[in-house]
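There are 4 protein chains.
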Amino acid sequence: MVDFRSDNVASVSPEILAAMLRANAGTASAYGDDEVSEKLNDRFSELFETKVAVFPISTGTAANALSLSALTPPYGAIYCHKSAHIHNSEAGATELLTGGAKLLALDGDGFRLQASTLAEAIPTAGIGVKNRSQPAAVSVTQATEFGTVYRLDELDAIGAVARASGLKFHMDGARFANALAALGCSPAAATWRAGIDVLSFGCSKNGGLNADAIVVFNHEITEDLAFRIRRAGHTWSKMRFPAAQLLAYVNGDLYLRSARRANELAVNLAAKLREIRGVRLVAPVEANELFLELSETSIDHLARGGILFLRRGPRLIRLVCRFDGTEDDIDRFVLALKQCA
Amino acid sequence: MVDFRSDNVASVSPEILAAMLRANAGTASAYGDDEVSEKLNDRFSELFETKVAVFPISTGTAANALSLSALTPPYGAIYCHKSAHIHNSEAGATELLTGGAKLLALDGDGFRLQASTLAEAIPTAGIGVKNRSQPAAVSVTQATEFGTVYRLDELDAIGAVARASGLKFHMDGARFANALAALGCSPAAATWRAGIDVLSFGCSKNGGLNADAIVVFNHEITEDLAFRIRRAGHTWSKMRFPAAQLLAYVNGDLYLRSARRANELAVNLAAKLREIRGVRLVAPVEANELFLELSETSIDHLARGGILFLRRGPRLIRLVCRFDGTEDDIDRFVLALKQCA
Amino acid sequence: MVDFRSDNVASVSPEILAAMLRANAGTASAYGDDEVSEKLNDRFSELFETKVAVFPISTGTAANALSLSALTPPYGAIYCHKSAHIHNSEAGATELLTGGAKLLALDGDGFRLQASTLAEAIPTAGIGVKNRSQPAAVSVTQATEFGTVYRLDELDAIGAVARASGLKFHMDGARFANALAALGCSPAAATWRAGIDVLSFGCSKNGGLNADAIVVFNHEITEDLAFRIRRAGHTWSKMRFPAAQLLAYVNGDLYLRSARRANELAVNLAAKLREIRGVRLVAPVEANELFLELSETSIDHLARGGILFLRRGPRLIRLVCRFDGTEDDIDRFVLALKQCA
Amino acid sequence: MVDFRSDNVASVSPEILAAMLRANAGTASAYGDDEVSEKLNDRFSELFETKVAVFPISTGTAANALSLSALTPPYGAIYCHKSAHIHNSEAGATELLTGGAKLLALDGDGFRLQASTLAEAIPTAGIGVKNRSQPAAVSVTQATEFGTVYRLDELDAIGAVARASGLKFHMDGARFANALAALGCSPAAATWRAGIDVLSFGCSKNGGLNADAIVVFNHEITEDLAFRIRRAGHTWSKMRFPAAQLLAYVNGDLYLRSARRANELAVNLAAKLREIRGVRLVAPVEANELFLELSETSIDHLARGGILFLRRGPRLIRLVCRFDGTEDDIDRFVLALKQCA
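Protein chains in written order, with our numbering: chain A, 16 to 356; chain B, 16 to 356; chain C, 16 to 356; chain D, 16 to 356.
Since the hints were derived computationally from the structure, they do not count as laboratory data. One should not assume that every hint holds.
[Claimed, not checked] Here are the in silico distance ranges between beta carbons for each label pair:
1) S180/D with G293/B: 47 to 57 Å
2) K97/A with P138/C: 28 to 38 Å
3) K97/A with D124/D: 26 to 36 Å
4) P29/C with E235/D: 39 to 49 Å
5) K97/B with D239/C: 45 to 55 Å
6) L121/C with E235/B: 30 to 40 Å
7) A134/B with L36/D: 24 to 34 Å
[Claimed, not checked] Straight-line Cα separation of at most 25 Å, DSS-like style, residue types lysine-lysine; simulated pairs:
8) K97/A with K97/C
9) K54/D with K97/D
10) K145/A with K66/D
11) K97/C with K54/B
12) K287/C with K97/A
13) K97/C with K66/B
14) K66/B with K54/B
[Claimed, not checked] From chain C, some residues computed to sit far from chain B (all C-beta separations above 12 Å):
15) K145
16) I244
17) D343
18) V349
Don't be surprised by glycine CBs; every beta carbon is placed ideally from N, CA and C.
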């Protein structure tokens, strides 16, 4: 089965499974006081070259909404791009867990929020005016919902605007590894050095087994966040298992190797698609996602041929390459598409 | 290490791990549309002898608070025993996820809520009176926080009182298997036949790997609940893994066999403790938990001797027996305690 | 002082004050069980030619947010025009009181939401899709934030679209009387006959003393709404006083007479402004508000000359005519403006 | 009609009405920027002998819940007496407006919370423990729901316990004037000198027209609270009218004179009741409320005789004396009661 639906449909990395099995020896303290979990903060602090606090979380939606809940008062507003997952695809989780804060969706080329757009929006928001939701944070998705990647200078610029206005800065990194692989920079450069206060660190889409994490750079929010996570029912009792996953995920740069593999497949697929008439890539392929405009006839033909993908609108489909995908998948997709033409 | 701290410190059952590994073949639809997850409703409907809807959930806290969120308006009130986990040990999760409903904690012998207490409380609640929180549900913990078990006639009686007043009925079954093993009745008799609308079905404490479930008997709430779960970030993307766990957990009555083993250890330990002077069991041992009153000297002696347990107050400790515990643990505990005396 | 800042700066109608004074005789039941309050439902049912429930409310913000809280689940979405007061100027009250529902702001000519725009938006919202906020209601502002008025056929069309998709229909009638005066139709035609479920019925801006009302046409929500209002601290104890105001407000069509007076002043002012070079009316003057584009020099000149008005953006000011305004105010404004030119 | 139901059934003081009428001259800025409202902070700062911020609020329920919302995180807990109005009679307003904080109701003699009870409760609350609601504030009702009054030394002691544990201190002063009249001390001594951070300052029950106030002593919360009040729809547009009421209420100590009158009536009534056999006062009469135990026959007789009062349980009635009550009311009540005996 050729399956390009999502990175969510992928298997679990063998290294991650093996670490979970190893963690299953004997009894262990619950709720994160065990030996495995206690390594998390140190290991991720090393990875990010600064002291961080790490909270394993079962879903990206929870990681985002809980992170944001520690960055805004309930009467606050959070800027994001209009295509942001938190705005369109999380069922109102941010509104729930912040106590009703407001997402302010902005336009932006390349499915990215531009610092200049943010800088223009803030002065019209009515800071200090009592009948206006108060700007409290900005959130970016890295890589974006359309597979593009913020460059470091773009992140730095957004961070500078945020800082100048007293806004906190959140990154939805459901595909952080894919973005990092594309950027080729350090995790530090891609996050706190650009001013990120808190990161939703994706793992599930890139070989994890339902384990993402919140990585906190701004220590002022850590204690508050810990209470919010527990209260939302997002503190696992047998914490050693997600902790083991997250450790295995970054061990020996597994996360980067897996992401590079997925990105590479996407680049290869894109190259082949560009040679086919009637196919248009809607966005540059910078990480592991491709968005194609095709005729409805072609889309139907692909679907009937057993190719799995998601429709994202009329004449628009999404293809996601996975760490466990193959060149063969690509060839079969390209072949099927050529047969339509 | 002799570890009686909690059933949360236990390992994962081999059968459950094996099922997870099997689920890791190939790609699978996300968010519950995969083949494994799609078996859940049918398998649990068979188990409960009625049509149910099953939602895998990462923690018992989330299972409880989300279940209750579908049973009460935000201005509602939920009756529970004053020792209930939802009231004392879930960080206000119910208040968060219900939008601010109120827990009304009642007294009750044996750490159980009595139907008569509930029947007396309801008429004083001011049903229809606009400045009073409106009774909407009752929640029982089975087995209770102190290891006692509601008998079927007690559940039936509470269900009848609830029904007569239009209240919904929730069971926090974090240790449902242990209670069922103690009762020796069918899952149906212990739940919907007594009027339960929705059950928090524990698995993590009894051999699962961070997978509990909400089991819905009252179909009026299923759709609403599905949205609430997603919005709280409690819908896993790779649902096949928790689904595989839950299926393995009930396959061949593994859940009951594991619970019986834990209960048996508790009974054996209790029998031996009753023969030791200066030791008092605070509650009857009906499931897998024991609460002991001991001198502070004895408690210190045990702790220094490397015995792991939790303090629950001055002179009060809790011991929890696990499905993966041993008779040897018991003997070592008894020996250590005798040495204090 | 020539004061065009808002209808909120107006005095209280003598008839309304007199009614409050009359209500102050002897003791009276609290929370709406008094003789004056008990007349409200009947009187407004007569006015609207259908059975309604009326809840006096201290602010329009509360009237809107509470009305909406009874129309949407917490995971719901509410469509409105992008200029809507509930979206921009109520500090997130709707998000708070609905438990985190989402406002979906749509474009629309004339500062009005078009039925066709709504009809196009709904199918893209993902009804039934669990990770999307679920469309639950549509809200229109009558008259709009820019002083334009929905025609009856426009309301009917929106109501039809809403009904076809199972959405509830709310009207923010902070300036309902001004709109009704402009339309020249019955209150019934402008509300429930177009499908309105619940109306925020403004009074404070048109001669009331901090008394607006929620008028409920859809009886399914009345009981739920009553609890929500009380819980939000919006049920006055001495209800007879706001009730007396609202009765006086509709008695002998005072509300319409006051609104007609304000609208007439606005029309007269608009006519005179159209004769002045360099002045542009941004929106048609259909109720009691005018929005003018002027040079910054002119704006400064007016402000220095003691004319009171609100700035609404660069080169943009708002003028609001009041029931207690005068032709003299208009003449003085026009004179001042001519002096700038 | 002899009416002892509540101080909510009272008329409005002539001085307060007159001030509202005076405030109705000309136009005035909305939302508190007018000349009358701007006097509030200074006038109340003078009254309380310290700099305060004053927010007029339409109900006591809102004043309480909003005050508390600025004192606790959403995962916080608030201690109160088990008879507290916020716990039993405000429809869950505190739970709504705090985002789901928990009220922890404690026992206490004389319907008052004792400092020692609070001091014992705090260490068992699990401060810093992530699955426990975190103690954030304590709230006292002055005068209490049963008409008793906290002495200054009692308030000081509670304040000291609160301060020692980092808890904030709120006073529900729905009948603050009655308590102050009973204590005979300064407003300062009864509030911030005892450590009160924020006071719900009642006026409606003592001659106001639906105008209470929040008085803030702890300036750290003022800005946050201002946003919360606006967002809850509790910021009046025509603020000059409630402001005028509050100024008139404290002008020339009207509030104290009214409260003394009501208290005096209560004392006189109590004295006469003590001479009647079969009548028991449930609580000492320290302010303007009396709670009587009577036979059901007597209660029925009184009700049939046109005496108005509230039942508070089997054989228990409440009588409230008002600033506008009369000695004649008392005599008629006593006469009616003697006729039963």
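We went through each hint and held it up to the structure:
1. At roughly 35 Å, the beta carbons of S180/D and G293/B sit outside the given window of 47 to 57 Å.
2. Hint check: K97/A to P138/C, Cβ distance near 19 Å, so the stated range 28 to 38 Å is violated.
3. Look at K97/A against D124/D: about 60 Å separates their beta carbons, and that is not inside 26 to 36 Å.
4. Hint check: P29/C to E235/D, Cβ distance near 44 Å, so the stated range 39 to 49 Å holds.
5. Taking 45 to 55 Å as the suggested C-beta distance range, the pair K97/B and D239/C does not conform, at roughly 30 Å.
6. Distance hint for L121/C and E235/B: a CB-CB separation of about 32 Å, consistent with the stated range 30 to 40 Å.
7. Under the hint 24 to 34 Å, the C-beta atoms of A134/B and L36/D, about 54 Å apart, miss the expected range.
8. Between K97/A and K97/C, the direct Cα distance comes to roughly 14 Å. Compliance with the 25 Å bound is thereby established for this hinted pair.
9. At most 25 Å may separate the alpha-carbon atoms for a hinted pair to count; K54/D and K97/D exceed this at roughly 37 Å.
10. For the given pair, K145/A sits about 22 Å from K66/D by alpha-carbon distance, which is consistent with the 25 Å threshold.
11. For the suggested pair K97/C and K54/B, the alpha carbons sit about 45 Å apart, so the restraint of at most 25 Å is broken.
12. Between the alpha carbons of K287/C and K97/A the distance comes to roughly 43 Å, so the proposed pair goes past 25 Å and is violated.
13. In summary, the hint linking K97/C to K66/B is not supported, as the alpha carbons are separated by about 45 Å, beyond the 25 Å threshold.
14. A threshold of 25 Å between alpha carbons decides the hint, and for K66/B with K54/B the separation of about 13 Å falls inside it, so the pair holds.
15. Non-interface call for K145/C relative to chain B: violated, since the shortest CB-CB distance, roughly 4 Å, does not exceed 12 Å.
16. Listed as outside the interface, I244/C is inconsistent with that label: its C-beta sits roughly 8 Å from the nearest C-beta of chain B, within the 12 Å cut-off.
17. For D343/C, the condition that its CB be more than 12 Å from all CB atoms of chain B holds, with the nearest at approximately 48 Å.
18. For V349/C, the condition that its CB be more than 12 Å from all CB atoms of chain B holds, with the nearest at approximately 51 Å.
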